[in-house]
Amino acid sequence: MSGVATRRRLSGSPLAWLIWGLVIFFFVNLAGVIGSVVVSSVGERWFDTWLPTAGYTTRWYGEAWQEFGLGPVLLTTLEVSLLVVGISVLIGVPASYVLARRSFPGRRLLYLLFLLPILMPPITYGIPLATVLYKYGFAGNLSGVVLANLVPSVPFVILTMTPFIEQIDPAIERAARMCGAGTRQVFVRILAPLLVPGILAASILVLVRTVGMFELTFLTAGPDSQTLVVALYYSMSAAGIRAQQSVDAMAVMYSGMMLVLLVVALRFVNPTQLVARVKEDVD
Amino acid sequence: MTATLDRPPEAPRRSRTALRHRLAERGIDRQLLLLVPAALFVILLFIYPFLYGVGLSFQPAEGGPLAAYREFFTDAYLRDTIGTTLGLSLPAALLNVLASVPIAYRMRGRFRGKRLLTTILVVPITLGTVLTAQGLLNFLGPTGWFNRTLLSSGLVDEPVRLTNNYWGVFFSLVITGFPFAFLLVLSYLSGIDPTLERAASTLGAGSWQRFRRITLPLLAPGLATTFCLTFVLAFSVFPSAILVGDPSGTTRVISIAAYEAAYVQYDYALASAVAVLMGLVELIVIAIVLGWRALLYTGSTAGGKG
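The listed protein sequences derive, respectively, from chains A and B. Position one of the first sequence corresponds to residue 1 (the working numbering), numbered consecutively onward. Position one of the second sequence corresponds to residue 1 (the working numbering), numbered consecutively onward.
Quick caveat, the hints were computed from the structure, so don't treat them as lab data. No experiment lies behind these values; they were computed from the predicted model shown. Hints should not be assumed to be uniformly reliable.
[Unchecked claim] Label-pair restraints from in silico Cβ distances:
| id | chain 1 | residue 1 | chain 2 | residue 2 | range |
| --- | --- | --- | --- | --- | --- |
| 1 | B | Tyr-263 | A | Cys-179 | 54 to 60 Å |
| 2 | B | Ala-24 | A | Ala-171 | 17 to 23 Å |
| 3 | B | Asp-246 | A | Leu-109 | 39 to 45 Å |
| 4 | B | Ala-294 | A | Leu-75 | 46 to 52 Å |
| 5 | B | Ser-207 | A | Tyr-134 | 57 to 63 Å |
| 6 | A | Val-188 | B | Asp-75 | 56 to 62 Å |
| 7 | A | Ala-238 | B | Gln-59 | 32 to 38 Å |
| 8 | B | Arg-20 | A | Arg-189 | 22 to 28 Å |
| 9 | B | Ala-199 | A | Leu-112 | 33 to 39 Å |
| 10 | B | Leu-23 | A | Lys-135 | 34 to 40 Å |
| 11 | A | Leu-109 | B | Ser-248 | 39 to 45 Å |
| 12 | B | Leu-98 | A | Ala-175 | 48 to 54 Å |
| 13 | B | Gln-59 | A | Ala-175 | 40 to 46 Å |
[As the list claims (entries may be wrong)] One-sided and incomplete, this derived list gives chain B residues near chain A with beta-carbon spacing under 7 Å:
| id | residue |
| --- | --- |
| 14 | Leu-34 |
| 15 | Ala-38 |
| 16 | Phe-41 |
| 17 | Pro-49 |
| 18 | Tyr-52 |
| 19 | Phe-235 |
| 20 | Ser-255 |
| 21 | Ala-258 |
| 22 | Ala-271 |
| 23 | Gly-279 |
[What the hints assert, rightly or not] Anything over 10 Å on all C-beta distances counts as not near chain A; from chain B, calculated:
| id | residue |
| --- | --- |
| 24 | Phe-73 |
| 25 | Asn-164 |
| 26 | Val-289 |
Ideal Cβ placement from N, Cα and C applies to all residues, glycine included.
Here chain A stands alone, though its shape is the one from the complex (with noise of 0.2 Å):
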C-alpha cells in the first residue's frame, strides 16, 4: 500500500531503494520474530522443519493457561494496571495543571525531579526501591507491585498531560472564576470534561506501559502477585521441562492482549504526535 505510494515518489535514486530495502528486511525479521512464535504456539510438533508437521492444534493454549496458572496471573495484571492507571491520574493530573499554569520558585526543579525517573533505567532505582519495600513489609505483595510501577507512572502522567493541559485556553478558566466557581469548581465541571482525551490518552499509554514493566514488577513481585510478563519470564527461563510450544501459547496470549491495547490506544492517540509531546518534555 505505502509501496505503491512512495514508489512514484522515489523511483531512480539507488540510495532510495537501499533505504527501503533496509525498511523491508527489518519488516520481514519483524513478521518472522512474531510470525515463529505464533506458528510455534499452534504446531503439534515443529523441530527441524520450515513448518511445524504433526497438524496444527491448539491444546497448547489450554496447556499453557493451566500450567501456569494464567487465570489469577491475568486477574492480577489487570488489578495492577487499573489500580496503577487510577492512581497515577488522580496525583498526576493535578500536579501537571499546576506546572502547567503557574510559574512558582523551583518549578524547574520540580520538572527535573519528575522527568528523573523515566531517565533512569529501572533496574538502577528499582533494586534500592525494592529493598526499601521490603524493609516496610510492601514487597512481595500486590501493594508492592503497585507502588514500584507507580514510580514511573505519575511522572508519566505529568509529563503528557502537561503541554496537553497548556493548549487548553486560560481564558476559559478565568470565565468560569468570574461567574464564581472555586478552583473545586473549576476542575470538576469546566477542566476534566476538556480534559478527557488527554487522561485518557495518558491512561491508556500507562497501562500499555503497566502490562509491560518486567523490571520493576520482577523485583518487587512475590509468588502470589506476579503479572504476566513477569510469569512469561520465569517459564522461559525455567523452560526445560515445559513444552516450548506452551511457553509460545503464553506469549501469544501476552502481545494478542497487548496488540488489543495498543490498537485501542491508537484510536485516540496518534504515535507521531505522542512522540512529539514527549520530545517538548525532554528539551
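Assemble the complex: chain A is given as a structure, and chain B must be docked to it using the hints.
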C-alpha cells in the same frame, strides 16, 4: 485556613495576610498544594529509596565504607560488566539513531499508508523485551527461519549462531529500539519548516547540500536527545540479556550483576553500589551527549531563525 479557625487578634492576622500576599506575588499560593501528592510521592518512592541505596552502598558488612566499590573495581567479573554494557548499548543506540535518519528523511512528507507504517512500528515497542526474546530464539535459532533461508539460498554451509550470544541481545535491542528512535526522529524532522529547504534550493543547493547544510544542523539537537533516550533503553537491558544472551559471559551486563548481588548473593551493599555505578555511568554518557548538543544548539538556532 488557620486564620478562620483560631481567630487571632487583628495585628498578627494582617501580617499573615500580608505574608500570603507577598508569597502570592512570587507565585506561591494554596493552589500549589495540588503539587504536594505528586512531589511527596516522587520523594518517598524515588528519592528516598535512591538515597537509601546510596547510603547502603557505603555500609558493607565488612571492610570500611568503600569496600563494596573496591570489590566492584577489583573483581574483573564485576568490573567488566561496565564495558560489556557499553559495548552493547552504545553501538545499538548509535545504529538505531543513524539508521533512522535516512529512513525518516525519506518518509517525512505525507504519503498514503504512513499511519499504517507508524502503527506497525509501534508494535515492537509494545511487545517488550521478553516476547522479543522468545521470538528471536525461535526465529534466529539454528533451525529457525532465518538460518533456514540462509542455508537453502546457499549463502552459508552451516547455521549461523545468532542467539545466546552478543548478537542475540544486539538484535533484540535493535528490534525494540529502532522503532522508538525512528518515531522520535520522524517527529523531529516533521517539525522542521520545509520552506527552509525550498529556500536553499532556490539558492542552488543540491539535495545532498540541502540535507547537510540545512536539515542536519537543525536536526542534530533532536538526534542527540533521541540518542540519549535510546541509550537509556538499551543500557538497562536485562531480560533479553539473560534470555537470548550469554548471561555469564559475553552479555553479562551491569544490570545482571546488580540483580545477582541483590537476589542471589543477598549482598545489598554490593547491589546498591552496582546500581549507583550503573546510574553514574549512564548519566556520564548522557552528560557527554547533551554537552555536545549544547555546543550544536547555539549554532543551529541562529541559522534556523535567521
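Status of each hint after checking the structure:
1. Taken as a hint, the range 54 to 60 Å holds for the pair Tyr-263/B and Cys-179/A, whose Cβ atoms sit roughly 58 Å apart.
2. Hint check: Ala-24/B to Ala-171/A, Cβ distance near 21 Å, so the stated range 17 to 23 Å holds.
3. Distance hint check for Asp-246/B and Leu-109/A: the Cβ-Cβ separation is about 43 Å, which falls inside the suggested range of 39 to 45 Å.
4. For Ala-294/B and Leu-75/A, the Cβ-Cβ distance of about 49 Å falls inside the hinted range of 46 to 52 Å, so the restraint holds.
5. Distance hint for Ser-207/B and Tyr-134/A: a CB-CB separation of about 59 Å, consistent with the stated range 57 to 63 Å.
6. Distance hint check: the CB atoms of Val-188/A and Asp-75/B are about 58 Å apart, consistent with the given range 56 to 62 Å.
7. In this structure, Ala-238/A and Gln-59/B meet the distance hint of 32 to 38 Å, their C-beta atoms being roughly 34 Å apart.
8. With their beta carbons about 27 Å apart, Arg-20/B and Arg-189/A fall inside the hinted range of 22 to 28 Å.
9. Remark: the range hint 33 to 39 Å for Ala-199/B to Leu-112/A is upheld by a beta-carbon distance near 37 Å.
10. For the pair Leu-23/B and Lys-135/A, the supplied restraint of 34 to 40 Å holds, since their beta-carbon distance comes to about 37 Å.
11. Between Leu-109/A and Ser-248/B the beta carbons are some 42 Å apart, a value that agrees with the proposed interval 39 to 45 Å.
12. At about 50 Å, the beta-carbon gap between Leu-98/B and Ala-175/A stays in the expected band of 48 to 54 Å.
13. Judged by the Cβ atoms, the range 40 to 46 Å given for Gln-59/B and Ala-175/A is violated: they are separated by roughly 58 Å.
14. Restraint check, Leu-34/B versus chain A: the minimum CB separation of about 4 Å is within 7 Å; hint holds.
15. Nearest Cβ of chain A to the Cβ of Ala-38/B: about 4 Å, under the 7 Å cut. The hint holds.
16. Interface hint status for Phe-41/B: upheld, as the beta-carbon distance to the closest one in chain A is roughly 6 Å, under 7 Å.
17. The beta carbon of Pro-49/B comes within 4 Å of a beta carbon in chain A, closer than 7 Å, and the hint placing it at the interface holds.
18. For the restraint placing Tyr-52/B at the interface with chain A, the shortest Cβ-Cβ distance is roughly 6 Å, inside the 7 Å limit, so the hint holds.
19. Interface hint status for Phe-235/B: upheld, as the beta-carbon distance to the closest one in chain A is roughly 6 Å, under 7 Å.
20. The restraint placing Ser-255/B at the interface with chain A holds, with a minimum CB-CB distance near 4 Å, inside the 7 Å limit.
21. The criterion of a C-beta within 7 Å of any C-beta in chain A is met by Ala-258/B, whose closest approach is roughly 6 Å, and the hint holds.
22. Proximity of Ala-271/B to chain A holds as hinted, the smallest CB-CB distance being about 5 Å (cut-off 7 Å).
23. For Gly-279/B, the interface hint holds, the least distance from its beta-carbon to any beta-carbon of chain A being 4 Å, beneath 7 Å.
24. Residue placement check: Phe-73/B keeps its beta carbon more than 10 Å from all beta carbons of chain A (closest about 18 Å).
25. With a cut of 10 Å on Cβ distances, Asn-164/B stays outside the contact zone with chain A, its closest approach being about 13 Å.
26. Residue placement check: Val-289/B keeps its beta carbon more than 10 Å from all beta carbons of chain A (closest about 12 Å).
The structure shown violates just one earlier hint, number 13.
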